[in-house]
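Chemist: One line per chain: the protein sequences are A and B, in this order. Under the numbering used here, think of the first position of the first sequence as 1, with each following residue one higher. Under the numbering used here, think of the first position of the second sequence as 1, with each following residue one higher.
These are calculated hints, taken from the structure and not from any lab test. In this text, all values refer to a predicted model and were calculated from it rather than measured experimentally. The beta-carbon is built from N, C-alpha and C at its ideal position, and this holds for glycine as well. Please note that the accuracy of each hint is not assured.
What the hints assert, rightly or not - Here are some, though not all, of the chain B residues that point toward chain A, as calculated from beta-carbon distances under 10 angstroms:
1) V51
2) R52
3) A210
4) V214
5) S215
6) P216
7) H268
8) T270
9) P274
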Amino acid sequence: MPETIQDRVLRVIATTQRLPVERVKPDSSFEELGIDSMDSINILFDLESEFDIEINDEDAKKIRTIHEMVDGVTYLVEAKQNSSQQG
Amino acid sequence: MQRVVVSGIGVLSAIGLNREDFWDSLAHGRSGIGPIPEDVGPAPEVGMNQVRFKNGACLRGYDPEIHFDRKALTFMDRFAQYSVLAAREAAKQAGIEWTEELRESAAIVTGSCMGGRATEELGYWELFHNGRNRVHPLTIPLGMSNAGASHISIDFGIQGPSFSISTACSSSAHAIGQAFWMVRSGAAPMAIAGGSEAPLFLGGLKAWEAMRVVSPDTCRPFSKNRSGMILGEGASMMILEPLERALARGAKPLAEIVGFGMSADASHMTQPSPEGAGRAIRGALRDAGMRPEEIGYINAHGTGTEANDCMEVAAIRAVFGSHADRLSISSTKSMHGHTLGAAGALEASASVLAMVHGVLPPTANFTIPDPACDLDVIPNEPRALQVQAALSQSFAFGGLNAVLAFRAYP
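Just chain A, same shape as in the assembly (with noise of 0.2 angstroms):
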């Protein structure tokens, strides 16, 4: 089966903490993964080079838990699938 989205963020979780990945569990809480406030942005930068978006800074400091993390993602790779099948 191919990597979901989900399983990819996942995984840029788990490496850029230096976890297991099976640690890693959408409902897993940031306090949990130790992730503070540096480490998401650690994240969100390894996430913007995982699927080559670009996640602004407000819609970044919304970002709580993981399901978000997943959504906001699953949200900006399908508006770059859109755009680009416009152009």
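Please build the complex by placing chain B on the supplied structure of chain A, with the hints as guidance.
Modeler: Same frame as chain A, now just chain B:
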């Protein structure tokens, strides 16, 4: 132990290329924040078009060739130019008469966070982008963070203890504090101290962008809708000398520098701690032999970021207790931007000038009160108020804190 006074101040900033213009802007609450010029990159095709934020606090109308000949400029990054110009203005105001003896023993202590990294970037562009196999031979002497101190020493012929301190946004507060202690102890008969920064170059701007701490519009310290810091460039230098020496030569002290406190958070590289900040504030008061109730004005670190402002208010409340509600506090970063390694010096100068003129500069761009920052932050309107003592606070990334205390000189 000698009493030490500030007898001269020099400033270059986005709100004035000299001390008088700087003060005039502060005293009228005028902000110097605006669009950063397009040409911040190493080549015409790479510039502000690659940066998400657009605004900064840039020197306007600055022409280096008015102040330095072309040969001298070959050896100076902008940050070093600013250092020398601020030192010249400070020395001129102080009316220093340079003797051989004074030149041999005077001290220079400067602070800079990034030094001449703009020059380094040009070198690396040649190497990594243009595929050249060499960089300019002056990359090292222009890039090093002590170039400001070195150029001041060459410009004035000063041969005493001279060095630079790099503690990010506390650099020049640490520099002034160190120079203050050297003059107070008698280790140096006079010091030029302050800081300088020229951080508006593409690689540096991109690095700040990546930290997601720069505002898309302007710097609104302590406002509920604050959206981050605004980077600024500039320099400020002070002349510090013993009170007796200043009076003996007929100089007019601007203020007395009375205390210096330092601390390290020992917790996190970018999340400041109110305990660490509080220890530095207490240290400055203890060093000055002052009670908290004697302080009337605080020039806050006040970056306008989520991380700083609430932390700083909590630290002030913890140290000052009920007196916190009687303090007047402002962040002049709302006008001259966050000048990083020069910030401590610009803000110490703003604090001294506020006592000289009996006017407290406001926190500009203030819109919506924040219950988490419920102190009197002098919103938008300057305040005619003669305070007798002031603090200037600097809390750097890396958790390294420096606080300076000044007393009005009658």
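Chemist: Which earlier hints turn out false for this structure, listed by number in ascending order?
Modeler: Violated hints: 1, 9; rest satisfied.
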